[in-house]
Amino acid sequence: AQTVTQSQPEMSVQEAETVTLSCTYDTSESDYYLFWYKQPPSRQMILVIRQEAYKQQNATENRFSVNFQKAAKSFSLKISDSQLGDAAMYFCAYRDTNAGKSTFGDGTTLTVKP
Amino acid sequence: ETGVTQSPTHLIKTRGQQVTLRCSSQSGHNTVSWYQQALGQGPQFIFQYYREEENGRGNFPPRFSGLQFPNYSSELNVNALELDDSALYLCASGKQGAYSEAFFGQGTRLTVV
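Chains as they are written, first to last, in the working numbering: chain W, 73 to 186; chain S, 39 to 151.
Don't read these hints as lab results, they were simulated from the structure.
Be careful, since some hints might not be right.
Claimed, not checked - Quick list of in silico lysine to aspartate or glutamate cross-link-like pairs, EDC-like style, CA-CA up to 20 Å: (1) K133/S / E124/W; (2) K145/W / D178/W; (3) K127/W / E91/S; (4) K133/S / D178/W; (5) K133/S / E91/S.
Stated by the list, open to error - Sample of chain W residues at the chain S side, in silico, Cβ under 8 Å: (6) S114; (7) E124; (8) A125; (9) S174.
No experiment lies behind these values; they were computed from the predicted model shown.
Glycine included, every Cβ here is placed at the ideal spot set by N, Cα and C.
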């Protein structure tokens, strides 16, 4: 069974600085998809960024980028120029190619200090 | 806003009762997944429906069941409620495909007393 581990329950960053959230996963599959979701206090999960495992190039979405290390089964999220609105719980998720199920980590709570 | 709405937003039920949670998806979304999120944890996959048929199930007992309707709405039913069923229940809809974005609702907070 696939597992996703987020080893940082809480992180904090100063506004305008950069922070990296860690995620590791375990799978025997060679093709799969990885996602980072943001869950603010409103509870609605929002997709931040996604990565296809067969693509070596790291995904980037504006201030958000990932460092995908397939051999190490690592998928970290880097947030540049942090903003107050980035404060939320961040979840790393794995989805296999049959798309029937996503496996989530337990999340990292990010605090942004003004 | 994701265009996915869940109702009710909060619910309190007594142990042993039955509950139905509802999710309204965007037009064109042919899959819906339900997740249980306990406090301080990540969402746990309950099951997915694709074109009104169950298309994958997580490690949840049969008293968790669901329905998907042609009008892009769906239901999660839980029978014989237990205290451990207290959680945030999220639905996520989208188009079939592993890389497709899943659009989440704001969740229903269920408390079993």
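### Task
Find the hints from earlier in the document that the structure breaks and name them by number, from lowest to highest.
Numbers 3, 4, 8, in rising order.
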